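Student: So you can see what is in the structure, the chains are spelled out below.
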Amino acid sequence: MDSNAVALAVAFKNDPLFFGGEPHAAKKQGTMGSPAEATPVSARLDHEGGNATSSVLRFITCGSVDDGKSTLIGRLLHDTQQILEDQLCAVAQASRKRGFDGADLSLLTDGLEAEREQGITIDVAYRYFATPRRKFIIADTPGHEQYTRNMATGASTAGAAVILADATKGLLPQGKRHLYIAHLLGIRDIVVAVNKMDLAGFEERAFEAVRAAFAAFAAPMRIPGLQFVPVSALGGDMVVERGARLPWYRGPTLLELLEGIEPAKAAAVRPLRFAVQLVQRAGGERRYLGRIASGAAHAGQEVIALASGRPSRIKAIHAHAGAREFARAGESVALTLADELDISRGDLIAAAADAPRASRELQATLVWLADAPLEARGRYLLKHTTRTVRAKLAAVNYVMDVEALEPRIGPQALAMNDIGHVSLELAQPVFADPYTEDRATGAFILIDAHSHHTVAAGMVR
Amino acid sequence: MNFDRSHLDWLESEAIFILREVAGECARPALLFSGGKDSLVLLRLAEKAFRPGRFPFPLLHIDTGHNFPEVIEFRDRRAAELGEALHVRSVEDSMRRGTVRLREGESRNAAQSVTLLEAIEEFGFDAAIGGARRDEEKARAKERVFSFRDGFGQWDPRNQRPELWDLYNPRVGAGEHVRVFPISNWTELDVWQYIGRESLEVPSIYYAHRRPVVRRNGLLAPVTALTPARAGEQVEELSVRFRTVGDVSCTCPVASVAGTVEEIIEETVATRVTERGATRMDDQTSEASMERRKREGYF
Numbered sequence: 155m156d157s158n159a160v161a162l163a164v165a166f167k168n169d170p171l172f173f174g175g176e177p178h179a180a181k182k183q184g185t186m187g188s189p190a191e192a193t194p195v196s197a198r199l200d201h202e203g204g205n206a207t208s209s210v211l212r213f214i215t216c217g218s219v220d221d222g223k224s225t226l227i228g229r230l231l232h233d234t235q236q237i238l239e240d241q242l243c244a245v246a247q248a249s250r251k252r253g254f255d256g257a258d259l260s261l262l263t264d265g266l267e268a269e270r271e272q273g274i275t276i277d278v279a280y281r282y283f284a285t286p287r288r289k290f291i292i293a294d295t296p297g298h299e300q301y302t303r304n305m306a307t308g309a310s311t312a313g314a315a316v317i318l319a320d321a322t323k324g325l326l327p328q329g330k331r332h333l334y335i336a337h338l339l340g341i342r343d344i345v346v347a348v349n350k351m352d353l354a355g356f357e358e359r360a361f362e363a364v365r366a367a368f369a370a371f372a373a374p375m376r377i378p379g380l381q382f383v384p385v386s387a388l389g390g391d392m393v394v395e396r397g398a399r400l401p402w403y404r405g406p407t408l409l410e411l412l413e414g415i416e417p418a419k420a421a422a423v424r425p426l427r428f429a430v431q432l433v434q435r436a437g438g439e440r441r442y443l444g445r446i447a448s449g450a451a452h453a454g455q456e457v458i459a460l461a462s463g464r465p466s467r468i469k470a471i472h473a474h475a476g477a478r479e480f481a482r483a484g485e486s487v488a489l490t491l492a493d494e495l496d497i498s499r500g501d502l503i504a505a506a507a508d509a510p511r512a513s514r515e516l517q518a519t520l521v522w523l524a525d526a527p528l529e530a531r532g533r534y535l536l537k538h539t540t541r542t543v544r545a546k547l548a549a550v551n552y553v554m555d556v557e558a559l560e561p562r563i564g565p566q567a568l569a570m571n572d573i574g575h576v577s578l579e580l581a582q583p584v585f586a587d588p589y590t591e592d593r594a595t596g597a598f599i600l601i602d603a604h605s606h607h608t609v610a611a612g613m614v615r
Numbered sequence: 538m539n540f541d542r543s544h545l546d547w548l549e550s551e552a553i554f555i556l557r558e559v560a561g562e563c564a565r566p567a568l569l570f571s572g573g574k575d576s577l578v579l580l581r582l583a584e585k586a587f588r589p590g591r592f593p594f595p596l597l598h599i600d601t602g603h604n605f606p607e608v609i610e611f612r613d614r615r616a617a618e619l620g621e622a623l624h625v626r627s628v629e630d631s632m633r634r635g636t637v638r639l640r641e642g643e644s645r646n647a648a649q650s651v652t653l654l655e656a657i658e659e660f661g662f663d664a665a666i667g668g669a670r671r672d673e674e675k676a677r678a679k680e681r682v683f684s685f686r687d688g689f690g691q692w693d694p695r696n697q698r699p700e701l702w703d704l705y706n707p708r709v710g711a712g713e714h715v716r717v718f719p720i721s722n723w724t725e726l727d728v729w730q731y732i733g734r735e736s737l738e739v740p741s742i743y744y745a746h747r748r749p750v751v752r753r754n755g756l757l758a759p760v761t762a763l764t765p766a767r768a769g770e771q772v773e774e775l776s777v778r779f780r781t782v783g784d785v786s787c788t789c790p791v792a793s794v795a796g797t798v799e800e801i802i803e804e805t806v807a808t809r810v811t812e813r814g815a816t817r818m819d820d821q822t823s824e825a826s827m828e829r830r831k832r833e834g835y836f
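Chains as they are written, first to last, in the working numbering: chain A, 155 to 615; chain B, 538 to 836.
None of these hints come from the bench; they were simulated from the model.
Since we're looking at a predicted model, the values are computed, not measured.
Some hints could be false.
Taking lysine to aspartate or glutamate and the DMTMM-like style, the derived pairs with C-alpha atoms no more than 25 Å apart in a straight line are [claimed, not checked]: (1) A/Lys546 with A/Asp508; (2) A/Lys546 with B/Asp703; (3) A/Lys419 with B/Asp703.
Part of the chain A face toward chain B, derived, beta carbon under 10 Å [said to hold, decoys possible]: (4) Arg212; (5) Thr234; (6) Ala244; (7) Asp277; (8) Tyr282; (9) Arg435; (10) Ala447; (11) Ala470; (12) Ala473; (13) His474; (14) Leu535; (15) Gln566; (16) His606; (17) Gly612.
Quick look at which bits of chain B chain A covers, simulated, 3 or more residues with Cβ under 8 Å [stated by the list, open to error]: (18) 558–567; (19) 576–588; (20) 701–710; (21) 720–726; (22) 768–774.
Where a beta carbon is used, it is the ideal one built from N, C-alpha and C, also for glycine.
Let the hints inform the model, and build the full structure from the sequences given.
Tutor: So this is what it looks like as structure tokens:
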């Protein structure tokens, strides 16, 4: 350890208690201030194996205002020893400046001046931590209703969601919205962390009441991996450590739940989808550069090239290290085909036996992200895989009432944060699968052709 | 130590995809290459994305004129080895033009934004690929992979484009551009593990070496011709290495005995201070230094 770190560690030790100065927190703080006593990080990072798909879990955290989300993330990072002394010092100083008694861990995650000034989270932020089991990427999204677009953004790349609920308040409209959006964006593993158990006397009854309310609301969505865990982010109970105050709960801690989530197998077992990013001439051959969106590619495989609809076979799969027999979902490679076909960026190479159909009309669910509403006269670009085409609204079929989980028929526009079922007309075809079957080829965005803003997240129905 | 490094495959594949999207979507991109470790990783990723072809973009370095000579030598050699075009634009030229005016003793670090924006305008670049990572700094944690800059090069953190799935939106109007960060999701540890796995050469000052330093504001400030010791400061010669390399006037080494990448990885795992916290004077000015610089067009 270098001398700078020692100086900072000493400075930190003399700081006021974190987490409002509970006895439990005091013990924690002592451990952190003395790195020699902490679990050796090398031991924590010694991995036991695993594979490329399970080694990273991206998850989103969402909560209503004052659910304690920032504190929970601070606690997760803190108890897995990801927060370094200079960050803690900065938080301690900032907390003092703002007149807090202890250190406000939410300051760790609020990165923008305006956020710190107003004590709110404005924009999605990404956090990183690792345990011996896997690397985690957190998309930390704000809870305000007007920032629903940020939640959709974070959820779009997430494999799991942690939804915060307040044990003393139960299921609020915000919680319904979070659950619905996470589900809509195709997240199969959703953990409801029932927080502030300390304010609910650590009573099982309080936890069960929240669980029952969420489970009842979620029932029609048939979420495959819906789990619940009681926590106190403030005290650290059941986040990383079990603590001693929730003896009636015998399930895994929040971190254990996150470590145990299996990556979705869906992409791996799908038929091949390979969107061409670039075409390269090399050694008299045309190489198609791209990433396997779903399924797997192997040499000799029968494929079909879209838009042309022409069949061929995969001649070879090239990676930087050389030719390969096989490549799976998520891998960036270059393909050559047995036949000379006219293929360019935006085309799709798909399994011949199970290719998507080309469509110039899409039925889709949209999450509207922009100030200006979706309108029939609006000019939009639709980006789907690597293909961008002009699009216009044909009809708004209904707008979802998220809290009632019921469609409202009648509106012919979508406003910011609306979720609606629409029909779109496209200037050229796209080769799409239903989003519920394939997140990679079922997703699209709409871009305002004039302002270039990203105005909607779209999911093909 | 027996690290599982399969997460590096995931990070690498994502970064290659992003680089290819830039090439597919942007008319005139450039890759910002300083000779530092993050931009070295970018070059490796570009090789994996585009070889046996040429890079579909030139390299661009904004030189403050106050860089460590080992890094500049390395920058030129690496570009030559790759056979790719390297443009260097200098803060000193901006000072001569009068577009950069510094107070006596002020660091040239923040002034790089001016020179960078001038270079982007001169070449008509519509995308500048950089090696910034979200784990570096809390304003960076809010950054998009494709991050829009307006006609003044400004970043508006409160009005960023939503970025969904891997459907990046690089569309810009005349005079506007995007910054692209292919290693957004990498941590300092990931970078060193990747450098180790790929056997990448890095400038010598990343490894432990003896160097005169003074202790200043909890940092070890290097003593050079440009940055002499101040009155009353005691110069010590310590074994140090740089965790980040930037302008001499604001970049500090850390105490270290790591002579190999594996040893750097071990120190990185065990460290209790962030990369920028241990090394950057420019971030100590205020809680929002990075955000303010970025708003004005910084990397």
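Student: For every hint, state whether the structure bears it out.
Tutor: Evaluation of the provided hints:
no.: 1; hint: A/Lys546 with A/Asp508; verdict: 29 Å, violated
no.: 2; hint: A/Lys546 with B/Asp703; verdict: 22 Å, holds
no.: 3; hint: A/Lys419 with B/Asp703; verdict: 19 Å, holds
no.: 4; hint: Arg212; verdict: 9 Å, holds
no.: 5; hint: Thr234; verdict: 13 Å, violated
no.: 6; hint: Ala244; verdict: 7 Å, holds
no.: 7; hint: Asp277; verdict: 5 Å, holds
no.: 8; hint: Tyr282; verdict: 5 Å, holds
no.: 9; hint: Arg435; verdict: 8 Å, holds
no.: 10; hint: Ala447; verdict: 9 Å, holds
no.: 11; hint: Ala470; verdict: 14 Å, violated
no.: 12; hint: Ala473; verdict: 8 Å, holds
no.: 13; hint: His474; verdict: 4 Å, holds
no.: 14; hint: Leu535; verdict: 8 Å, holds
no.: 15; hint: Gln566; verdict: 23 Å, violated
no.: 16; hint: His606; verdict: 4 Å, holds
no.: 17; hint: Gly612; verdict: 9 Å, holds
no.: 18; hint: 558–567; verdict: holds (count 3)
no.: 19; hint: 576–588; verdict: holds (count 5)
no.: 20; hint: 701–710; verdict: holds (count 8)
no.: 21; hint: 720–726; verdict: holds (count 4)
no.: 22; hint: 768–774; verdict: violated (count 0)
Of the hints listed earlier, those the structure fails to meet are numbers 1, 5, 11, 15 and 22, in rising order.
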